[in-house]
Amino acid sequence: MPTDIANMVKVFERPASLTGARFTYCPGCSHGVITRIIGQTLDELGIAERTIGLAPVGCSVFAYLWYKCDALQVAHGRASAVATGVKRARPESIVFSYQGDGDFASIGTAESIHAANRGENITVIFVNNQIYGMTGGELAPTTLVDQKTSTTPDGRDPTLFGYPIRFSEVIAQLDAPAYITRQALYDTKRINDTTAAIKKAFEYQVEGKGYSLVEILSTCPTNWRMTPLQSNEHVENVVTEVFPLGDLIDRG
Amino acid sequence: MGERLLLRGNEVIAEAAIRAGCECYFAYPITPQAELLEHMARHMPRLGRTFVQAESEIGAISMVYGAASTGVRTMTSSSSPGISLKQEGISYLAGSNLPAVIVNVVRGGPGLGNIAPSQCDYFQATKGGGHGDYRMIVLGPSTVPEAGELTILAFDLADKYRIPVMILADGLLGQMMEPVELPEPVDLESLPAKDWAATGAEGRDPNIILSFDLGPENLKQMNLVLQEKYREIVNNEVRYEESDSQDADIVIAAHGTIARIAKSVVRMARAEGIKLGLFRPITLWPYPYEPLRALADRVDTVLTVEMSAGQMWEDVRLAVAERAKTPFYGEMGGVVPTPLTILNEVRKHAN
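Protein chains in written order, with our numbering: chain A, 1 to 252; chain B, 1001 to 1351.
Hints may contain errors.
Stated by the list, open to error - Think about it this way: if two alpha-carbon atoms lie no more than 30 Å apart in a straight line, the pair counts; the simulated DSS-like pairs of lysine-lysine are: (1) A:K189 x A:K199; (2) B:K1194 x A:K68; (3) B:K1229 x B:K1160; (4) B:K1325 x B:K1127; (5) A:K209 x A:K189; (6) A:K209 x A:K10; (7) B:K1194 x B:K1160; (8) B:K1220 x A:K68; (9) A:K68 x B:K1325.
Hints are computed from structural coordinates only; laboratory data are not their basis.
Could you build the full structure based on these sequences and the hints that come with them?
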């Protein structure tokens, strides 16, 4: 039976807020999914034309290429401080920073905590894959105990390297933030949850409610030495034991 | 011109920045520039402008990067150890072609040093304190009123060339009070539009602010653009002051506070028959090599005097290039030479 193209309904397409530039991410990595969700959110809220995105250092250094919005590439760890400068200078703009775990929770510790503590009206997308992807799979602040990385070849020994830091929980101790949540992407439900969380985070900014942080447990099949499927199972079965999912603060 | 005010150098720089249209100021407390921060804290919010006491110097310069990216006039200030922390951000500002003003009220170093006046950050300011092939315009005020004038100029030059500009002051200048007349505030609407700024891409293609390209050929091109800009600045923006040099046998080469002290030394020397003049660079980068070289052809000696171990001295020797003798006298650690100690140095070189 010939396909009746005229009567087909388009149920899925690239968000209008994405440029269509090819991603530079490895197969199976979650960055692409997160990027799509952000694009979809900018579409749904109709805010792309007043959004300024901040690309970090690391695998997502090219993040400024994906969105049809103004963007800055910023120094490693400094995105939350830069976002402060952008938002204070242009309060009418929508500002989001996209930061990995090394960026947000290690080298940018001071900038991250203090932007949150000032309650800056910005949205932080915090991508936690427990490893330094771009530089070759080194220890991250979030690396699990006993996890092998290129700088902990025998596994993370907590007596030498400390424990994985639950940075969202640290920030959740503060009085100012409006919304802090941890999400994952290992199945359809979790992708839908993450989509809802990212949307809420941007909505809070639009409504002037203040600082929002969406931590997303991401995968790094390349440096984890796992298939994409194994990576998703690893997040579901192992990573979420250390980094439990759910809202930590919602003062909306 | 506005009313006559009696203010500290730090306050004059702050007030001049406000009148120059600085809309966002970010800084972290440090002596001896705390009055600058405090003046901004009092006045910026009342004007509906942004004052943020940042979590660190790194945070402050990163906030400047963000604000500058959106096209507003923005500034940070600090003193030596804090300026060291800002070097990452300064390199990014330079690489991303962003205008910003950075004030260094220099104190004794290295390390924690002390809070007394010094000129020991000259290398850091003029030779590239951060990573990469970049330059920054560096202005060296010598008096409190000039600190105000140069602060306003700094904002204009920063915008004109899309470059970070540093005011290199010192603790003495920051703390000293003098009467000043500052100009009326600029009309923000009158400032040139910045079509490159990140303001939201409504009705146009996105503006992207960045300092990197992974392709060597592309990054080379970005560097060539910077170098062309620096050549233009060298050709157009050299500023200096030359006084009592027409008949001079000796000139003192000095910048900032020391140049001011040297003016007293010139009077004292001439009273005892020594034909002494003064050469004072106002732009420390671009350095006035050519005017100093021309002067060196007419004098026997160019005596460099600094509150450092001889940092600007290197530029003086580069300019003079054996055309005259180039002795040096410097003090370190926050010691400010008196006119008499400098005069004694001059006497050693007078025939």
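Problem - Holds or violated: K1194 of chain B to K1160 of chain B, with C-alpha atoms at most 30 Å apart - result: Status holds; Cα separation ~10 Å.
Practice task
Would you check the hint for K209 of chain A and K10 of chain A, treating anything up to 30 Å between C-alpha atoms as holding?
Solution key: The hint is violated at about 35 Å.
Problem - Pair hint K1194 of chain B and K68 of chain A, alpha-carbon separation not exceeding 30 Å - result: With a Cα-Cα distance of about 20 Å, the restraint between K1194 of chain B and K68 of chain A holds, given a limit of 30 Å.
Practice task
Decide if the proposed pair is consistent with the structure: K1229 of chain B and K1160 of chain B, CA atoms, cutoff 30 Å inclusive.
Solution key: The given pair, whose Cα atoms are some 11 Å apart, holds under the 30 Å limit.
Handout entry: Pairwise hint evaluation, K1325 of chain B against K68 of chain A, where the allowed Cα distance is 30 Å at most
Key = 61 Å, violated
Problem - Hint consistency between K209 of chain A and K189 of chain A [alpha-carbon to alpha-carbon, up to 30 Å] - result: 27 Å, holds
Problem - Pairwise hint evaluation, K68 of chain A against K1220 of chain B, where the allowed Cα distance is 30 Å at most - result: Given that 30 Å is the threshold and the Cα spacing comes to 27 Å, the pair holds.
Exercise for the section: Quickly compare the C-alpha distance for K1325 of chain B and K1127 of chain B to 30 Å and report which way the hint goes. Expected result: Distance of about 24 Å is within 30 Å: holds.
Problem - Pair hint K189 of chain A and K199 of chain A, alpha-carbon separation not exceeding 30 Å - result: The hint holds at about 15 Å.
Comparing the model with each earlier hint shows violations of hints 6 and 9; every other hint is respected.
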